[in-house]
Amino acid sequence: MPLARVALYEKGVTIYISPNTNDNPEWQATIQHIALEGHCYFINADMYFTKDMYPKDLHCQDEIDKLSHIVCRGGSCIVDPYGHYVTEPVWDKEEIIYADLDMQKVPMCRMELDPCGHYARPDVLELKINEK
Numbered sequence: 061m062p063l064a065r066v067a068l069y070e071k072g073v074t075i076y077i078s079p080n081t082n083d084n085p086e087w088q089a090t091i092q093h094i095a096l097e098g099h100c101y102f103i104n105a106d107m108y109f110t111k112d113m114y115p116k117d118l119h120c121q122d123e124i125d126k127l128s129h130i131v132c133r134g135g136s137c138i139v140d141p142y143g144h145y146v147t148e149p150v151w152d153k154e155e156i157i158y159a160d161l162d163m164q165k166v167p168m169c170r171m172e173l174d175p176c177g178h179y180a181r182p183d184v185l186e187l188k189i190n191e192k
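Just so we're aligned, residue 61 is where the sequence shown starts under the numbering used here, counting upward by one.
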């Protein structure tokens, strides 16, 4: 959703929180890209769950029984505005991640490149956002 991200960048987002179910390692490159592109911290809150966490009374229990023990591997992490991990991704377990964020990195990073400033080419492109 690149245009939705640009709308957030234009508003000056500094901490981008994303609840997620995408537990493949390849997704981590996208998370780092979004943090770098938006010059913001990216908090990736990925789900970890196992098949025994499903309620036992679901009508599709036979399908659940076919799943591997770990259904969603997690991958929660925090990435700084330069695309570097503040906390490494957490895989295959439940864990709460904590970090102290240096908020001075946000304006420092934005001075190097501002994707919604003159790099956005407002003379050529215009994004209209329906805020109803």
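Be aware that one or more of the hints could be misleading.
[To be verified] Taking lysine to aspartate or glutamate and the EDC-like style, the derived pairs with C-alpha atoms no more than 16 Å apart in a straight line are:
(1) Lys-111 to Glu-97
(2) Lys-192 to Asp-174
(3) Lys-71 to Asp-162
(4) Lys-71 to Glu-154
(5) Lys-153 to Asp-112
(6) Lys-71 to Asp-112
(7) Lys-111 to Glu-154
(8) Lys-71 to Glu-86
(9) Lys-188 to Asp-112
[Claimed, not checked] Taking CB as the label site, the calculated pair distances span:
(10) Ala-180 to His-144: 23 to 31 Å
(11) Pro-182 to Pro-85: 35 to 43 Å
(12) Tyr-179 to Glu-148: 44 to 52 Å
Hints are computed from structural coordinates only; laboratory data are not their basis. Yeah, the Cβ is synthetic: ideal placement off N, Cα and C, and Gly gets one too.
Each hint tested on the structure:
1. Lys-111 to Glu-97: Violated - the C-alpha atoms of Glu-97 and Lys-111 are around 36 Å apart, more than 16 Å.
2. Lys-192 to Asp-174: violated (27 Å)
3. Lys-71 to Asp-162: With a Cα-Cα distance of about 20 Å, the restraint between Lys-71 and Asp-162 is violated, given a limit of 16 Å.
4. Lys-71 to Glu-154: Status violated; Cα separation ~33 Å.
5. Lys-153 to Asp-112: Within the cut-off at roughly 14 Å; holds.
6. Lys-71 to Asp-112: violated (41 Å)
7. Lys-111 to Glu-154: holds (14 Å)
8. Lys-71 to Glu-86: violated (28 Å)
9. Lys-188 to Asp-112: violated (45 Å)
10. Ala-180 to His-144: 23 to 31 Å: holds (25 Å)
11. Pro-182 to Pro-85: 35 to 43 Å: holds (37 Å)
12. Tyr-179 to Glu-148: 44 to 52 Å: Taking Cβ atoms as reference, Tyr-179 and Glu-148 lie about 30 Å apart, which means the hint is violated.
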